[in-house]
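Asker: Following the hints, complete the assembly by docking chain B onto the known chain A.
As a plain string of letters, each chain reads:
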Amino acid sequence: MSDIILKVANVSKRFGGLQALSDVGIEIQRGQVYGLIGPNGAGKTTFFNVLTGLYTPDSGSFELGGQPYTPTAVHEVAKAGIARTFQNIRLFPEMTALENVMVGRHVRTHSGLVGAILRTPGFKREEAAIRERSMELLDYVGIARFADYKSRTLSYGDQRRLEIARALATDPQLIALDEPAAGMNATEKVQLRELIDQIRNDNRTILLIEHDVKLVMGLCDQVTVLDYGKQLSSGTPAEVQKDPKVIEAYLGTGGN
Amino acid sequence: MLSNIKPAKLATFVVVAIALLALPILLQATGSNSWARIVDIALLYVLLALGLNIVVGYAGLLDLGYIAFFAVGAYLYGLLASPHLADTFPAVKALFPNGLHINIWLVMIVAAALAGIVGMILGAPTLKLRGDYLAIVTLGFGEIIRIFLLNLDRPINITNGPKGLSQIDALSVFGFNMGKRHTLEIGDWSYTIQPVTLYYYLFLFFVLLTVVISYRLQDSRIGRAWMAVREDEIAAKAMGLNTRNLKLLAFGMGASFGGISGVLFSSFQRFVSPESFALMESVMVVAMVVLGGIGHIPGVILGALMLAGLPEVLRHVAGPLTEMTGGRLGPEILRQLLIALAMVVVMLLRPKGLWPAPEHGKSLAK
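Chains as they are written, first to last, in our numbering: chain A, 1 to 256; chain B, 1 to 366.
Please keep in mind that the hints were generated in silico from the structure rather than gathered at the bench.
Computed from a predicted model, the values in this text were never measured in an experiment.
Heads up, some of the hints might be wrong.
[Said to hold, decoys possible] List of simulated lysine to any residue pairs, SDA-like, C-alpha gap at most 20 Å:
#1 A:K124 <-> B:Y215
#2 B:K352 <-> A:R152
#3 A:K79 <-> B:N245
#4 B:K128 <-> A:G53
#5 A:K124 <-> B:I213
#6 A:K124 <-> B:R216
#7 B:K352 <-> A:E94
#8 A:K79 <-> B:E233
#9 A:K79 <-> B:T243
#10 B:K128 <-> A:E76
#11 A:K124 <-> B:L217
#12 A:K79 <-> B:R244
#13 B:K352 <-> A:T153
This is chain B alone, in the form it adopts within the complex:
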């Protein structure tokens, strides 16, 4: 296997791997956790964008409600690993006297399944719709889920409404609590690892796993069938593809990734509220996929990192500009303006995205 890999490629791989592993240590050295936090959140967005890429990039189904599945995962873990249910329902309290602390890995499996099922249920009525119409309906579904979360505090308080769920358990890997600081001590030398750094490695692991799964799906019988549906649904049907089932599968698969990211998100933030799952979030994830290069995994990753990171970088640029205009242009407004501008410029200059799939054989000699 290794003998097939070119030395240059291997060298790139090693350099990238070292850079990825060293990054949080460098960020931690800045003395504050804010940069590491930004990177962690960016990795979560990469996960979401990769999941959505299955739906939008592979199967060609424009889903504007994708964040709903993220919400499903986040709330599921929030409910099963926070004091909320036990505080609200005496029956739960009686069953779990020490409070609900369901194992996150178990929740992750359930979340993947649940989000997948919700994805298919929401996908089912949209099967005959295409393009813009599909986008509108999925947008509606996404909002419905958010509004449910917002209002399900009455008559029975399930989601705690706009107040959200807090005190959610941090993640622990085989008893190793990632929500705490850990100090390595070797002789006189000691090194403290921050939770954000630990989460970085965890998220990185999930991103790599998702990348591998995405590539494997892309290069498989089902992946090709998805792309065939995207390219020409009528021809796909004539080739014997059950386009209905394939679309449902894509919706479900994409939603599962969203659900898992949601679980990670809520264990990282340790707090969830409906605010985190607004329409704008769905739009951003779609924008990441499209801006990066729809259907092309490195492009999607780049798009997610850029759009997640750009606002934070702009935060530092926006300050001086705000001062220049005498405070009339608030940093928040300026940030939005610059992001919008960047998106317009990218789409004008590179309509297929920043890093689209490479062309094979551009034109044939005639």
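The shape of chain A in the complex, shown without the other chains:
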């Protein structure tokens, strides 16, 4: 089996007269943090929405973990192995932190109504396993002490951590983070970076869509820069930073 987790080739998407994506292709290796950056309107979010089944691409092919993958229904995406977080955090606000993560286990568990009503041994076993795994994940992202708090009462940084824990609970092959640093202060950004580092060190794979160039450059193994829906440059952060096309897009000609 190859160690390429996600292989996307020739993805295009057009909205009326606007070519939002043209021939974008990326390859993410296991254990990598892969950055997708670009100025506003570059097509990052469109790419993300195509990948997670919200939009149907006009063309393109996808492979996830060596299997062909067609992102169709949104709820199939998590089952296939891509978990996501949202730019503007979307937790289940009135549920506790622990319950939020437990919902993430839904897609990997099976018990139904009858088991729940009769409290069968199978149901109890699965429920205990869900609870245990969810506690582990809360602990993993460092917010186990808030397990029984309603998620809306958590601080912004902790809500982000909770969202990541919930995504991890689906046992994803790839975790896609949509601008996780948006709205964070400097301390929170440092902590987020540590968390992402930790997740990578556990041989998990991350797709990072980010505005914050500094965070991306410091964290990612590979980076793709999008501009006007086109792939401007791809490579290691050092290579991309030296690319004159990238410099032009970000700073304008003659800038430094």
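Answerer: Relative to the frame of chain A, chain B by itself:
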């Protein structure tokens, strides 16, 4: 198991249990059946409110046509355990020469299934709707069912139209007829138990069963998924939840409870007519859930008991007030006025309901 329970909690439990068991005996001692009847009807409302709580409280789907499923259950039993079908159709008469008297427990299972299926069928077109729009469509569906019941006496008389179905069999538990008076005799001492008292225990049993099921659902994989759909549908989908199926399941589950309550209702009243299933009834059940504390079982029970009981209590208060105004304020009008006022006051003072779910960790120290 028992060792985990605190003594104070156990004491409360015992006191409540004794009170619940003794209540109808006390009510019966008043000499008339009217109070026991009120309590019985209130328990039926508790059943309905708990069923609706699954749809509205857990899955967050505002259903204003819920009473339709109650009607489905009530009419199903009404048709299968009254002389109507046998009188109307000779073929039925030939098949059941002694009249149709289908066993209520069998009907209950069929009613739960049928109401569940109807719930899903009515739920299916509304899946993309949310909030107010969903409420309007479900309201329409609820009315459609009632209008069907009202008009299905022609060309073939199925529901007997506005006249309704009468002479419905009373419930019997293992041959023990609950529609009759029973007298206990021990030596010289004898005690007569009224049907309303028997029904009280039966309804109480169903309420307890529903409470247990509700709690078990709440604390399960499916229950959490429902709540996730309620809290944020987009996030729920992204977590791999099939929100369409989950919503249908909630509609179906809630409707099943409605269907079972309907069977109980028609065996208790022994008469059903479309009037009992008007829009106002749906609104009242929703009001019970919201007023009590949406999604919180003790709150929902409290809300149902209050709204079902309040009109009867007000009946006794309204009399003197009517006299004071020289009869200009009729007791019926006054009752409605006071109920409306009580609802407004509760919602203003306690917007989350009388007894909402407790908050965990209100705010975190920063």
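Asker: Evaluate each hint against the coordinates.
Answerer: Evaluated hints:
Restraint check for A:K124 and B:Y215: the C-alpha separation of about 15 Å stays at or below 20 Å, so the hint holds. For the hint linking B:K352 to A:R152, the alpha-carbon distance of about 17 Å falls within 20 Å, and the restraint holds. With a C-alpha separation of about 15 Å, the suggested pairing of A:K79 with B:N245 holds against the 20 Å cut-off. Restraint check: the Cα-Cα separation between B:K128 and A:G53 comes to about 18 Å, which is no more than 20 Å; the hinted pair holds.
Between A:K124 and B:I213 the CA atoms are separated by roughly 15 Å; this keeps the pair inside 20 Å, and the hint holds. For the suggested pair A:K124 and B:R216, the alpha carbons sit about 11 Å apart, so the restraint of at most 20 Å is met. Distance restraint check for B:K352 and A:E94: the Cα-Cα separation of roughly 13 Å lies within the 20 Å cut-off, and the hinted pair is therefore satisfied. The hinted pair formed by A:K79 and B:E233 meets the criterion: a straight-line CA distance of about 17 Å does not exceed 20 Å.
Between the alpha carbons of A:K79 and B:T243 the distance comes to roughly 14 Å, so the proposed pair stays at or under 20 Å and holds. Straight-line distance between C-alpha atoms of B:K128 and A:E76 comes to about 18 Å, which keeps the hinted pair within the 20 Å bound. Taking the CA atoms of A:K124 and B:L217, the gap is about 13 Å. The hint holds against a cut of 20 Å. Simply put, A:K79 and B:R244 have alpha-carbon atoms about 16 Å apart, close enough for the 20 Å limit, and the pair holds.
For the given pair, B:K352 sits about 17 Å from A:T153 by alpha-carbon distance, which is consistent with the 20 Å threshold.
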